[in-house]
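Peer 1: In full-length UniProt numbering, the protein residues as written are 1 to 627.
Keep in mind that the hints were calculated from the coordinates and are not lab data.
Treat the hints with caution; some may be incorrect.
[Stated by the list, open to error] Distance condition first, Cα-Cα at most 25 Å in a straight line; then the derived DMTMM-like pairs of lysine to aspartate or glutamate:
(1) K280 x D193
(2) K150 x D103
(3) K216 x E88
(4) K224 x D193
(5) K116 x E253
(6) K216 x D175
(7) K301 x D151
(8) K251 x D295
(9) K150 x D275
(10) K320 x D103
(11) K118 x D295
(12) K105 x E241
(13) K216 x E184
(14) K301 x E314
(15) K301 x E88
(16) K116 x D193
(17) K320 x D121
(18) K332 x D193
(19) K305 x D175
[To be verified] Label pairs and their in silico Cβ distance ranges:
(20) L390 x V356: 36 to 46 Å
(21) D287 x Y493: 20 to 30 Å
(22) T231 x N257: 58 to 68 Å
(23) L543 x L290: 47 to 57 Å
(24) K186 x P360: 21 to 31 Å
(25) F510 x E94: 47 to 57 Å
(26) F550 x L390: 24 to 34 Å
(27) D279 x N363: 17 to 27 Å
From a predicted model like this one, the values you see are computed outputs, not experimental measurements.
For glycine and all other residues, C-beta sits at the position ideal for the given N, C-alpha and C.
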Amino acid sequence: MEEKKFDYNSLIGMILLGAIMLWYFNTNAPEVTPEKPSTKKEKVVKSNTATKKAEENLAPTSSNDSLKQIALTNKFGAFAFGALQAKEGVTVLENNLVKLTVDNKGGQIVEVLLKKYKTYDSLPLYLIKDQNASFNINFGTTDNRILNTKDLFFEPTFSKNGKSQVLTLKSKVSDSQFLEYRYEMKPNEYMVDFSVRSTGLNNVFNTSNPIVLDWKLNAYRNEKSIRTENTMYSYFYFKAEDEVDYLNAGKSEVLNNVDWVAYKQHFFTSNLLTDKPFDKATVTSTDLVLNEEIDTVFTKKYELKTPLALAGGELNYNMKWFYGPSDYNLLKNYENTDLAEISDLGWGIFGFLNRVVFYPVFNFLKGFLSNFGLIIILMTIVVRILMSPLVYKSYLSSAKMKVIRPELNALLEKYPGKENAMKRQQETMAIQRKAGVSMLSGCVPALLQMPVFFALFKFFPTNISLRQEGFLWAPDLSSYDTIFTLPFSIPFYGDHVSLFPILASVAIFFYMQMNQSQQANMQMPPQEGMPDMAKMMKIMIYLSPIMMLFFFNNYASSLSLYYFVSNLLTIFIMLFIKHFVIDEEKIHAQIEENKKKPVKVSKFRQRIDDAMKQAQEQQAKQQKKKK
Numbered sequence: 001m002e003e004k005k006f007d008y009n010s011l012i013g014m015i016l017l018g019a020i021m022l023w024y025f026n027t028n029a030p031e032v033t034p035e036k037p038s039t040k041k042e043k044v045v046k047s048n049t050a051t052k053k054a055e056e057n058l059a060p061t062s063s064n065d066s067l068k069q070i071a072l073t074n075k076f077g078a079f080a081f082g083a084l085q086a087k088e089g090v091t092v093l094e095n096n097l098v099k100l101t102v103d104n105k106g107g108q109i110v111e112v113l114l115k116k117y118k119t120y121d122s123l124p125l126y127l128i129k130d131q132n133a134s135f136n137i138n139f140g141t142t143d144n145r146i147l148n149t150k151d152l153f154f155e156p157t158f159s160k161n162g163k164s165q166v167l168t169l170k171s172k173v174s175d176s177q178f179l180e181y182r183y184e185m186k187p188n189e190y191m192v193d194f195s196v197r198s199t200g201l202n203n204v205f206n207t208s209n210p211i212v213l214d215w216k217l218n219a220y221r222n223e224k225s226i227r228t229e230n231t232m233y234s235y236f237y238f239k240a241e242d243e244v245d246y247l248n249a250g251k252s253e254v255l256n257n258v259d260w261v262a263y264k265q266h267f268f269t270s271n272l273l274t275d276k277p278f279d280k281a282t283v284t285s286t287d288l289v290l291n292e293e294i295d296t297v298f299t300k301k302y303e304l305k306t307p308l309a310l311a312g313g314e315l316n317y318n319m320k321w322f323y324g325p326s327d328y329n330l331l332k333n334y335e336n337t338d339l340a341e342i343s344d345l346g347w348g349i350f351g352f353l354n355r356v357v358f359y360p361v362f363n364f365l366k367g368f369l370s371n372f373g374l375i376i377i378l379m380t381i382v383v384r385i386l387m388s389p390l391v392y393k394s395y396l397s398s399a400k401m402k403v404i405r406p407e408l409n410a411l412l413e414k415y416p417g418k419e420n421a422m423k424r425q426q427e428t429m430a431i432q433r434k435a436g437v438s439m440l441s442g443c444v445p446a447l448l449q450m451p452v453f454f455a456l457f458k459f460f461p462t463n464i465s466l467r468q469e470g471f472l473w474a475p476d477l478s479s480y481d482t483i484f485t486l487p488f489s490i491p492f493y494g495d496h497v498s499l500f501p502i503l504a505s506v507a508i509f510f511y512m513q514m515n516q517s518q519q520a521n522m523q524m525p526p527q528e529g530m531p532d533m534a535k536m537m538k539i540m541i542y543l544s545p546i547m548m549l550f551f552f553n554n555y556a557s558s559l560s561l562y563y564f565v566s567n568l569l570t571i572f573i574m575l576f577i578k579h580f581v582i583d584e585e586k587i588h589a590q591i592e593e594n595k596k597k598p599v600k601v602s603k604f605r606q607r608i609d610d611a612m613k614q615a616q617e618q619q620a621k622q623q624k625k626k627k
């Protein structure tokens with residue numbers, strides 16, 4: 001058996017390994033420092049120091065205030081005083097009709113909501129929203145700055161004056177020097193009092209720079225038909241030098257003595273009125289609709305730019321804002337303003353008929369009925385009854401001409417050819433005088449009905465009472481009705497089919513067919529070299545309904561409803577007169593009696609006869625020379 005020996009190498013290795021482990025744990029152990037005792041006073045000082053540092057992090061330092069003041073002074077000059085105190089925010093003025101939101105920045109109206117109306121797609125109707133409008137006064141200061149009120153901050157003060165709400169906004173140079181806007185809203189009113197005044201700024205305004213008011217508005221689309229709203233009824237109206245006029249889109253004009261301006265959008269209007277007239281005012285209207293087939297947000301851009309005059313070195317203007325409907329019944333109540341002119345009732349006799357006849361009749365019927373389709377039908381019946389004497393006169397004249405027609409035709413055989421045209425005309429007029437018949441007796445009644453036609457052409461599409469009022473299949477009598485939408489657009493017709501224009505076109509076709517026989521009696525027998533009126537009338541029988549169909553397809557369904565009912569009633573009236581009123585035998589007997597009576601010729605008639613005789617003699621002499 002082998003004897004074991006002691007292994008010195010293993011012993012030395014274990015000793016070295018243990019030494020290394022002791023060294024490792026000693027060098028990596030955490031150093032423990034005994035806590036020194038601290039007094040209560042030292043702890044309080046440390047706490048206060050930490051709090052102070054936290055407060056310094058939360059609050060701006062005086063050096064930051066100085067930098068802010070320097071920046072505002074560089075930007076606003078003397079008005080930096082108010083800018084330092086200003087706060088962002090808005091103030092709301094509202095009554096049961098309108099809600100105005102006024103921003104502290106600029107002191108201007110940034111939202112106008114008409115509470116009783118909706119857009120064509122049933123959304124809240126805003127005239128101003130999302131920065132589509134801007135009201136600014138640009139002025140120079142004595143420290144050679146050009147400032148804009150839309151950049152200044154105003155300090156608001158809201159109060160109540162009885163039932164009225166008053167908002168005063170001041171942009172301050174100091175507590176005793178400021179530019180002030182004042183709004184006052186009364187209950188049940190669209191009109192809002194507005195004033196611009198300065199106090200103590202006579203040494204701040206630089207009189208070498210003009211003070212310029214600039215009011216802009218991009219008009220929102222509110223109605224279904226872009227073409228009708230934008231092209232036919234939206235204008236820039238103004239009252240200058242005591243006359244109301246309007247500006248077409250794409251135009252700009254400089255005016256003096258301006259009492260008010262109106263940015264009118266078919267049924268709604270944004271107006272600025274002033275007690276102190278504006279001079280050298282520039283009004284501009286721009287069409288924003290590039291393609292009527294494409295939906296659009298804005299229709300027109302309006303702008304008023306006018307210098308403001310200082311009085312004793314200060315601004316002092318009393319104005320009014322009107323944001324509301326362009327309703328004739330409403331606007332006519334603002335006396336001495338002529339605001340009712342923007343209701344667009346037509347000029348001359350057409351506007352007179354709408355004001356004096358059709359609005360009173362419509363308002364009377366509206367007091368008894370709530371269905372506006374029935375109101376239109378009843379109004380049509382009233383108009384047709386009032387016009388029936390003219391229809392009777394026209395038909396009676398036609399019946400008389402029918403009785404003497406054989407005698408007029410005999411003149412063609414007695415005086416044939418162009419050389420006898422003058423003599424034939426003379427004899428024709430003689431027969432008519434003896435029979436008591438006049439060509440004008442048939443034309444005058446038709447002419448007298450034309451003002452009614454054109455007056456109602458303005459009345460129905462501009463009457464806001466019809467807006468979004470439905471009847472039968474038409475959801476809105478102020479716009480076109482749609483029974484079928486086309487997958488394409490037809491030029492001058494549109495991309496839809498309206499039923500009321502179709503009914504109106506059919507009615508006018510049958511009316512013109514009946515009227516042709518009546519008019520044929522009134523026409524002179526066809527003569528050489530003269531157009532055949534009978535053929536022209538046949539063409540018009542087919543052409544007129546087609547023209548009406550195309551034109552009225554995009555027009556107010558209330559107007560098409562009126563013409564449909566009106567033509568039906570006229571047909572019934574003509575049939576009634578023909579079968580129950582007119583007796584051709586009695587008319588013939590009356591004409592024979594008239595022939596026996598001596599004919600009284602007026603001086604004017606005698607002059608015409610003498611002139612025709614002279615012309616006839618000259619014609620005869622010329623024919624002899626030719627021979």
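Peer 1: Take the C-alpha atoms of K116 and D193, compute the straight-line distance between them, and say whether it is at most 25 Å.
Peer 2: Holds. K116 to D193 sits at ~21 Å (cutoff 25 Å).
Peer 1: Do K186 and P360 keep their Cβ atoms within the hinted range of 21 to 31 Å?
Peer 2: With a Cβ separation near 28 Å, K186 and P360 satisfy 21 to 31 Å, so the hint holds.
Peer 1: Taking only the CA atoms, is the gap from K150 to D103 under or equal to 25 Å?
Peer 2: 10 Å, holds
Peer 1: Check the hint pairing K320 with D121 against an upper bound of 25 Å on the C-alpha distance.
Peer 2: 30 Å, violated
Peer 1: Is the hinted pair K305 and D175 satisfied, with a Cα-Cα distance of at most 25 Å?
Peer 2: 30 Å, violated
Peer 1: Measuring from beta carbon to beta carbon, are L390 and V356 in 36 to 46 Å?
Peer 2: 18 Å, violated
Peer 1: So if I understand the rule, the pair passes when the alpha-carbon distance is 25 Å or less; does K251 with D295 pass?
Peer 2: 24 Å, holds
Peer 1: Does D175 sit within 25 Å of K216, going by the straight-line distance between their CA atoms?
Peer 2: Cα-Cα ~31 Å, so violated.
Peer 1: Given the hint that K216 pairs with E88, does the C-alpha gap stay at or below 25 Å?
Peer 2: The given pair, whose Cα atoms are some 23 Å apart, holds under the 25 Å limit.
Peer 1: Going straight from one Cα to the other, do K320 and D103 come out at no more than 25 Å?
Peer 2: 18 Å, holds
Peer 1: CA of K118 to CA of D295, is that 25 Å or under?
Peer 2: Between K118 and D295 the Cα gap is close to 18 Å, so the pair holds against 25 Å.
Peer 1: Measure nothing beyond the straight line between the CA atoms of K332 and D193; if it is 25 Å or shorter, mark the hint as holding.
Peer 2: 18 Å, holds
Hints 4, 5, 6, 12, 14, 15, 17, 19, 20, 22, 23 and 27 from the earlier list are contradicted by this structure; the remaining hints agree with it.
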